[in-house]
Amino acid sequence: MKEIEDMIEELYNKMRIKKKPNIIKAQSLLGIYKAVYVGRIAAKNSPEYLGKSLGGRLRDVIKTDHSQEIMWCTCHSDKDAERQVIAYHAGTKVPVANRVDFMRGVIRHGDGFGSESIISQITKKVESWMPFWKGVFIVEEKPLYIKRKEGRLHCKDGPVMEYADGFKMYALQDIPVTEKMLSLIKNKNVLQLISIRNVEQQRVVMEEIGMDFILERLNAKRIDRSDYGELYEVDLTQGSTSHWDHQRNSIAKYVKVIDPSSERVYFNRVPSDKERVIDALAWRFNCTPEEYVFKAEA
Amino acid sequence: MSNYRQGDVALFKIKEALADTLKVKNDCILARGEATGATHELIGGIVYEDEEGNMYVQVDEEGQLIHNQGFGEDNHNTLTIEKGTYKVNIERDYYNRRVID
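Protein sequence lines correspond, in order, to chains A and B. In terms of the working numbering, the first sequence is residues 3 to 300. In terms of the working numbering, the second sequence is residues 2 to 102.
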């Protein structure tokens, strides 16, 4: 990484940028994108505003398109003037964004984008890089490997990325998950699975196990069905010998719904007093069953 | 009923005029996914919010509710929102917390 830092400094010198670059070292595309959530960022002299950005504004606006192996983002300067910054994934051609000052600087004052140029050398040695304001420059280390399935970060029995220092990341269908969530697939622990709070994480783990298996293992009893979905009753104490468990109100209700756009299946808990699917869904959206009528759903 | 739902975001049409005390929200993002980074964003309208964070939407002509997929594939189609005033309800979970995705 020292070599890369030197190259970035050399580039800044060539570009006549007086300010010394603040180099942010990051691991994983997901890490840059969702620094707070799963990634790990090592900041060197990072200004306070960028630290805030990584937790909020910056995290909100970066977008990735893995199918093209190009990462891009829109971010805001201190004065909220919107600009576009483009980050390039290693191995892809380097397109030039006209409005990006940094790119202009590389062309006008640096040594361009040729194969021997500094920026090209940096690109070869890192996974991706991103220039920001006030001399901030994010470089993403190359992982030892990246596992994908049909273009998406996906591995159900291990990390999707691992770095030389041992840092690992886990994901299913591009959704970051934890190692513990993957263990639920292996152990087929459906009771813990249905308690995962994040509905997208729960969904991708559920898809690995299979909804039919989950309903069967839970011994779920369907109590209502409509065009909106299905309502199930589940005894959460099953298998438990704890007296305390059996003293509690252990019958929980879950509504199974299919997203109209993606046809993804979700299995969400609702209060036990709900007797119909429509009651359950209306409760989740804090409205009455009569109001739960939509002109369009997606 | 001219209500709309896109994933965990629902717009319920209301007849009452919006209170003067509401503030215009800086952006038109109605909800944001934690795992995916995806956002539900209103185009062609104004988003207001009260002190408790409840959101309202004013569409004077025709608006759109779009889903910006931050990471992974897009999973919600764009909805065309007709003129009107709406209350925004975000889906909640069993523990009465805002759903996270």
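Treat the hints with caution; some may be incorrect.
With a straight-line Cα cutoff of 20 Å, these simulated PhoX-like cross-link-like pairs (lysine-lysine) come out [stated by the list, open to error]: (1) A:Lys297 <-> B:Lys14; (2) A:Lys4 <-> A:Lys182; (3) B:Lys84 <-> B:Lys26; (4) B:Lys84 <-> A:Lys297; (5) B:Lys14 <-> B:Lys24; (6) B:Lys88 <-> A:Lys297.
Hint data in this document are derived by calculation from the structure and do not stem from the laboratory.
Right, here's what the structure says about each hint:
With a C-alpha separation of about 11 Å, the suggested pairing of lysine 297 of chain A with lysine 14 of chain B holds against the 20 Å cut-off. Among the hinted pairs, lysine 4 of chain A with lysine 182 of chain A is inconsistent with the structure: their alpha-carbon atoms are about 35 Å apart, more than 20 Å. Between lysine 84 of chain B and lysine 26 of chain B the alpha-carbon distance is near 19 Å, which keeps this suggested pair within the 20 Å criterion. Distance check on the hinted pair: lysine 84 of chain B and lysine 297 of chain A sit about 13 Å apart at the alpha-carbon level, within 20 Å; holds.
Between lysine 14 of chain B and lysine 24 of chain B the CA atoms are separated by roughly 19 Å; this keeps the pair inside 20 Å, and the hint holds. A hinted pair counts as satisfied when its Cα atoms are at most 20 Å apart, and lysine 88 of chain B with lysine 297 of chain A qualifies at roughly 15 Å.
Going down the numbered hints, you'll see the structure goes against just number 2.
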